[in-house]
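Going line by line, the protein sequences match chains X and B. Under this note's numbering, the letters of the first sequence match residues 7 to 253, in that order. Under this note's numbering, the letters of the second sequence match residues 134 to 420, in that order.
The set of hints was computed from the structure by calculation and includes no laboratory data. Hints may contain errors.
Claimed, not checked - Restraint-style ranges between C-beta atoms, simulated for each label pair:
no., chain 1, residue 1, chain 2, residue 2, range
1, X, A236, B, T413, 50 to 60 Å
2, X, L147, B, V284, 25 to 35 Å
3, B, A136, X, L121, 51 to 61 Å
4, B, P393, X, T92, 53 to 63 Å
5, X, S238, B, L292, 33 to 43 Å
6, X, L147, B, L387, 25 to 35 Å
7, B, G191, X, P128, 17 to 27 Å
8, B, S255, X, L121, 43 to 53 Å
9, B, T413, X, D233, 25 to 35 Å
10, B, F391, X, T148, 43 to 53 Å
To be verified - Okay, derived cross-link-like pairs now, DSS-like style, lysine-lysine, Cα gap no bigger than 25 Å in a straight line:
no., chain 1, residue 1, chain 2, residue 2
11, X, K76, X, K86
12, X, K144, B, K295
13, X, K200, X, K144
14, X, K246, X, K230
15, X, K200, X, K86
16, B, K295, X, K153
Bear in mind that the values here come from a model prediction, so they are computed numbers and not experimental data. Here a beta-carbon is modelled for each residue, glycine too, at the ideal position from N, C-alpha and C.
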Amino acid sequence: MAEAKLAERPVAAAGAEVLTVGDLQAWYGESHILHGVNFNVRAGEVVTLLGRNGAGKTTTLKSIMGVIGKRSGSIRFDNKEIIRATSDKIARLGIAFCPEERGIFSSLDVRENLLLPPVVRPGGLPLDQIFTLFPNLKERLTSQGTKLSGGEQQMLAIARILRTGARFLMLDEPTEGLAPVIIQQIGHTIARLKSQGFTILLVEQNFRFASTVADRYYIVEHGKVIDGFANSELSANMDKLHTYLGV
Amino acid sequence: MQALYAQLLVGLINGSFYALLSLGLAVIFGMLNIINFAHGALYMMGAFVAYFLLNLGGINYWWALLIAPVIVGIFGMILERTMLQWLAGLDHLYGLLLTFGIALIVQGVFQNYFGSSGLPYSIPDQLKGGVNLGFMFLPIYRGWVVVFSLVVCLATWFLIEKTQLGAYLRAATENPTLVRAFGINVPRMITLTYGLGVGLAALAGVLSAPINQVRPLMGADLIIVVFAVVVIGGMGSIMGSIITGFALGVIEGLTKYFYPEASNTVVFVLMVVVLLVKPTGLTGRAA
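Excised from the complex, chain B in its bound form (with noise of 0.2 Å):
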């Protein structure tokens, strides 16, 4: 029972990232139409703000969680300005590919400074340590990450969802021309709107640097994974992406208890099995 509930942890550590990274995506999908290949490479930037800023700033974990968000926010916001916007009414491909060749610049500059190790980040003193639950023992730090994640999550959804600023976005995504033409300033919100999700990712890195420890491709291998559950999830829907991501990371862990050698292929799996029945994914609208 124990190594259930151990990997039941694992599978929502995971699901967290998922559905951090898939919500971003689902974002930046809705308002530029892009998919966004180089969303692992910025999750890693994350990580590795993080990693300067402690040790060559002596800037601590707490405040590398708001930090790191926004200067990779901002390079992502540079990368729209300088790249992504020109790509706008063209087919989705040429965003992917463009994003992909980003992802694969910024892993290849990563990679050659530091290698393809591990570097160490430890987990903040506030923060190390477990509890024993009676039934399994809690790292805190885990839980912090799986409840934190939730909490950013849902307060993402709630920005879309619920306020002013969320319906202008959805609007835009809607009719971004007519949404322009009522006053709103559009490609200055496409820009945020990008720097917003890549800033998401960035978040997940620093979360993520204490328990993978931080290397340049930790996102390149997350990423695969992360759009098989966007797949499964589907593009349209802000809720639909925060679920499919914990869901998925949860099947994920019990597939690891109950049929190990499944475990890695699970996702894809479960991916090819929506494609087939329900192309547009579970949540998501017909494009």
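Okay, chain X solo, but in the shape it has when bound (with noise of 0.2 Å):
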């Protein structure tokens, strides 16, 4: 019975669609915010979204995971359709979100930070190796989270979705607002996350972090994607890619 349950399970052959979104339409109350975001990531993938402030983004990340209320299109994960699907039902499929903000809790200290996304499938990282990553986390863990460093609160909101068993990894600028050195050190977590199966879909400003790390890159634009390429075609996209971001 185990075995059969086993054998069940998808597992994404690398290279796989792991999520392909269609046509994606969102609203943030009255306004109207993606209007048909089409992209996909396949297994073991970094994808990044890169745009200017306000293209949309972040939003997308949200209606893949199921945060806006509302939304139209299809989001298919796993080869399932999540686009109606409720955000706790949509994380047990195996899609962990480290929001922009970081969304670290002040009334819960570092340890119950860490542990409070629940388990929602075998195969996560365990604590020791999230420790190996993230040494400073466990020097702090009684500490109230919101004490934490800028950097030390990014790596703790990284952290604690390893431990789900989700394999799916949607970061919002986890570089934001951080020091250099603390950048490579999330440059270099998310080539060790990649190298052990993870996809991650990344969301940034800071171009030259990602292109550390990106395998593809999207531009978002009002709502939209309008452009999207493989990191060994960025030298031949630069000059686009100066226009796209206005940089």
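Each of the two chains sits in its own frame; use the hints to bring them together as a complex.
Below, the structure written as structure tokens:
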């Protein structure tokens, strides 16, 4: 019985599409933010959404996570349609989200923050591996969550979703406002997670950082994906990219 | 001196009810953002369920302590599912008005069938009588109420502040959207939290039945003072509402001894002072 269950578990072959977003539209109240977003993510990839402020990158992640009230179109994850699913169901399918504002809880200490997200499936990182990745956290376990430095809070926000067994991680601007040495550490972490088979969808303003970890890029503008290319095509696309990002 | 100790005991007993009720209010406010004006009516229902269990089913006090909170808790969860949940995200005032209306309806129905006079509920045999402590005579039932309330309050505090379930609760109080995005069924947790807060009120109702009799308006009289306690203590803190509840009961008791004329108003005077000096309450966090 247990064996049959294991066999049924959808194990995405390397390179198979795990996430397919089609004509995704989303609204905040009355304002229409996403106007038909199309892109996909394959297993084991690091895909980065680039774009200016307010282009709709964060809204795209939030729509996939199911925390935007009104959305339409199609989001397929592991061959399941999740456009109508509630966020707790989506999380249970193995998608984990690290929000831009990090979302560290001030009424919880570091240990409680770390252990908060429930394990949704087997295969999460054990605590000792998490502490190898983020040694600072181990020393601050009893501190109040929000007493940590910005960099430590970011590490805690990433660390806590690694425990859950989710293999698809969405990181919203993990380097925002952090010192270069910490950005580097987060870069190493993402590379290490990728080598362990995690699939990562990243939103970044920091294009130089993204270029150190990403396999592919999508450009988001005015609530649409307007372009996309692989990291190998990066230098050929530099001029276009400068125009898109206005840098 | 005897009279002083007697008033202190009365204060501690009232404090037990204040603590149990304001604790439930604090838990509900944290999670649902609703000022639960129905709390007094649900406290009364707890006492009535105990009365029915005894007189219709022959089920004794000890079982009532367990069953009444569960029944009233289920009633509360139905209220939450059918009505309160639709107020999420609206101003506090809506929840306050709705629960106030619910309280009036529930109390009105009970008054219609049972009038305003009290129904007797006798002290269970095991807790009858009293002990002479030397400096005062302690009725066993009253001592039991104080100790049991304290234990329940501390257990609730432990549940919320020291367990994984409590961590979910505290986190969801801060950021329900994110907690739900971690895979936790937050709406169900909100319903259970309301059930827990309401269950504490019903438990207080059962405890009070042998002391104060069972009356349809027993909650209406008490809840006004409890809201003053909540204002003084501040809505945000669990331990704060427990300590404030007991402390104000004692202060009331002392006032009855030293200056009886002020005993009914002392809590409200303190409320005014606290509102002027520290509007978030003594232990409350800014909203």
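Here's how the hints hold up against the structure:
no., hint, verdict
1, A236/X to T413/B: 50 to 60 Å, "holds, 55 Å"
2, L147/X to V284/B: 25 to 35 Å, "holds, 30 Å"
3, A136/B to L121/X: 51 to 61 Å, "holds, 53 Å"
4, P393/B to T92/X: 53 to 63 Å, "holds, 57 Å"
5, S238/X to L292/B: 33 to 43 Å, "violated, 55 Å"
6, L147/X to L387/B: 25 to 35 Å, "violated, 44 Å"
7, G191/B to P128/X: 17 to 27 Å, "violated, 51 Å"
8, S255/B to L121/X: 43 to 53 Å, "holds, 48 Å"
9, T413/B to D233/X: 25 to 35 Å, "violated, 51 Å"
10, F391/B to T148/X: 43 to 53 Å, "holds, 44 Å"
11, K76/X to K86/X, "holds, 19 Å"
12, K144/X to K295/B, "holds, 19 Å"
13, K200/X to K144/X, "holds, 23 Å"
14, K246/X to K230/X, "holds, 16 Å"
15, K200/X to K86/X, "holds, 23 Å"
16, K295/B to K153/X, "holds, 19 Å"
Hint violations for this structure: numbers 5, 6, 7, 9, all remaining hints satisfied.
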